[in-house]
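K.L.:
Single-letter residue listing:
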Amino acid sequence: MKGLSQRGAVARYVVIAIAVIVVVAVIGVLWIVLGPGPMDFAGGKTVALAGYHGPDPTGVPPALVQASVVERGEYLSHAADCQSCHTVQDGVPFAGGRAFVLPIGTLYSTNITPDKQTGIGAYSDADFLRAVHRGIRRDGARLYPGMPYDAYTYMTDADALAIKAYLFSLAPVSASAPSNTLVFPFNQRWLLSAWFLLFSPDRRFEPNTGHSPQWNRGAYLAEALGHCGECHTPRNLFEALNNRRKFAGEVQSGWRAYNVTTDSGSGIGGWTDDELTRYIWAGHADGRGTASGPMGEAVDLSLAHLAPDDVAAIVTYERTVPAIATPDLPAVKATPAPASHKQGVPEAFEPRGKQIFEGACVSCHDWTGVSPLTSWATLIGARAVNDPTATNVAQIVIAGTVRLTPHGPVFMPAFGAAYSDLEIATVANYVIARFGSKPSAISAEKVAKLRKQGAE
Amino acid sequence: MTRLQINGEVRNADVPADMPLLWVLRDVLGLTGTKFGCGIGQCGACTVHLGGKPARSCLLPVGLIGEREVTTIEGVGATLAGAKVQKAWLGVEVIQCGYCQSGQIMSAAALLAGTPNPDDSDIDAAMAGNLCRCGTYLRIRDAIKRAAASR
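Chains as they are written, first to last, in numbering that gives the first Met the number 0: chain A, 0 to 455; chain B, 0 to 150.
Just chain A, same shape as in the assembly (with noise of 0.2 Å):
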């Protein structure tokens, strides 16, 4: 009888375990699932846009809205930024192809031209609609969440369908994109529409009252079209943006999206109205580096397009996003490291890599960071160089940097084919420690890592 009702005691014991695991599972699925959508940080009433009596925050800028449904498309599709993912390097805009390497496969962009086999040529206004808006094709599969259609589904009717017109201007281009090598479950599409009935909010943009006319047109700006969050909010458990640290930073393509929140140390708070609009427009501020990567690209494709006042607005809404701090990340260091190369780091310290940076960095970064030739090739103030990962300063050196900016060309030589993996590391390092606040000690294997991530 004492042996049973022992037993029965245990079986109790092992249920009541089992049913606690289960609750603070359910708890933890429900905490992700439930987390806040990209602008409900900002407090205030939202009403529909139909019922606000503020000035449009969505469409174009008031220059362009007696132009063409076309123009107004280019627009929109530059701040939207199509291209940029629908763009093989060197290839036909929009004609899609290119490559997404995730740990659970390749994802590739679609052809957006107008081609009717391989393109959207064959969509109609609502197949267009549902794609932007909610994920799904034209033939009914569901798209993967690369699409940013949680960010797009806030886009109106009208101008989504002015992107589109513009899209059917181009000239149609017959480019299928290789098939996504996604492993299994993540090859099953039809999984996506629990993504979608979780994770998507499938609405239109609704301005906050509570919130000046021009805050409006940013959020609009960042996140029904720039879709910011894409790269700079951490992503949940089930690959879904977690508000809860909206723009408080994530690594995306090998690259990393700094934080972007107000925190004063990591994010932008420290930064002037002024730095702020320079970087966002031109992908550079004096003191603050130059964009590079995905982020360049960003700015040439999309952001420098946009019209002053779109700018400002952008601004204006990222100002209010609440300070998250990223514990790795130091204050970045505003002084120039000593003109003297004997100086400013231990003779011991990565002594290839303090060679390497002679005979190719230092004739155009040079010893002290402040480059003689252009502000825009300067390190100090830089976040990579104060990034003691090192992630971004290695995948710079990878793949250099092409942009062409309205100032003009910037260029640095890409350094991934002429040094192996362990000499981009002890380059990387002996810069953070020469310009940045805190020294870094990325590995050979790190680099390699982020060669392959950082590869189309």
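One should not assume that every hint holds.
[What the hints assert, rightly or not] Here are a few chain B residues that sit away from chain A, every Cβ distance over 12 Å (derived from the structure):
hint	residue
1	V27
2	G43
3	G128
[Stated by the list, open to error] Below, computed lysine to any residue pairings styled on SDA-like, alpha-carbon distance capped at 20 Å:
hint	chain 1	residue 1	chain 2	residue 2
4	A	K341	B	P19
5	B	K52	A	G358
6	B	K52	A	E357
7	A	K115	A	Y51
These are computed hints drawn from the structure, not numbers from a lab.
A quick note: this is a predicted structure, and the numbers were derived from the prediction, not measured.
Beta carbons are placed, not taken as given, at the ideal position from N, Cα and C, and that holds for glycine.
We have chain A; now place chain B onto it with these hints.
P.N.:
Frame of chain A; chain B shown alone:
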């Protein structure tokens, strides 16, 4: 019209602001002593002085120079360090094919102007970005030391 101060003279050039200085020097102003090597700031053949500091003219947009004085190989002999370096270069017979020579002399002159008695590590730090396809590096080092020791 871009106004430049080159080797103590004012020169005007009708060129786009994003044209690299090297193109302006060679193709517009006819100062062909400065050489084109790699075009990506990796070989040093195009080195000039900008406000006394060495700069790779192939990557320097002419619109960014402003009031800074440009010195090229044609003018460096008028500076004390430049004259010493040129004399030592002849004395040691540094050059072989000579293509990198302008850039080597410009980098060496800038080094001596800032560090009159450089040790080997100073020479490495200043000269590593100047390649010599003939491999005359030992003579270059020798000539820099001789120039430093000369009066």
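K.L.:
If a hint holds in the structure, say so; if it doesn't, say that too.
P.N.:
How the hints compare with the structure:
1. Every CB of chain A is more than 12 Å from the CB of V27 (chain B) (nearest about 18 Å), matching its label as outside the interface.
2. Chain A draws G43 (chain B) into its interface by the beta-carbon criterion, the shortest separation being 7 Å against a cut-off of 12 Å.
3. Distance check for G128 (chain B) against chain A: the nearest CB is about 4 Å away, which does not clear 12 Å, and the non-interface claim fails.
4. Of the pairs offered as hints, the one joining K341 (chain A) and P19 (chain B) is violated, with about 31 Å between alpha carbons and a cut-off of 20 Å exceeded.
5. Straight-line distance between C-alpha atoms of K52 (chain B) and G358 (chain A) comes to about 17 Å, which keeps the hinted pair within the 20 Å bound.
6. A C-alpha spacing of about 15 Å is found between K52 (chain B) and E357 (chain A), which places the hinted pair at or below 20 Å, so the restraint holds.
7. In summary, the hint linking K115 (chain A) to Y51 (chain A) is not supported, as the alpha carbons are separated by about 39 Å, beyond the 20 Å threshold.
Comparing the model with each earlier hint shows violations of hints 2, 3, 4 and 7; every other hint is respected.
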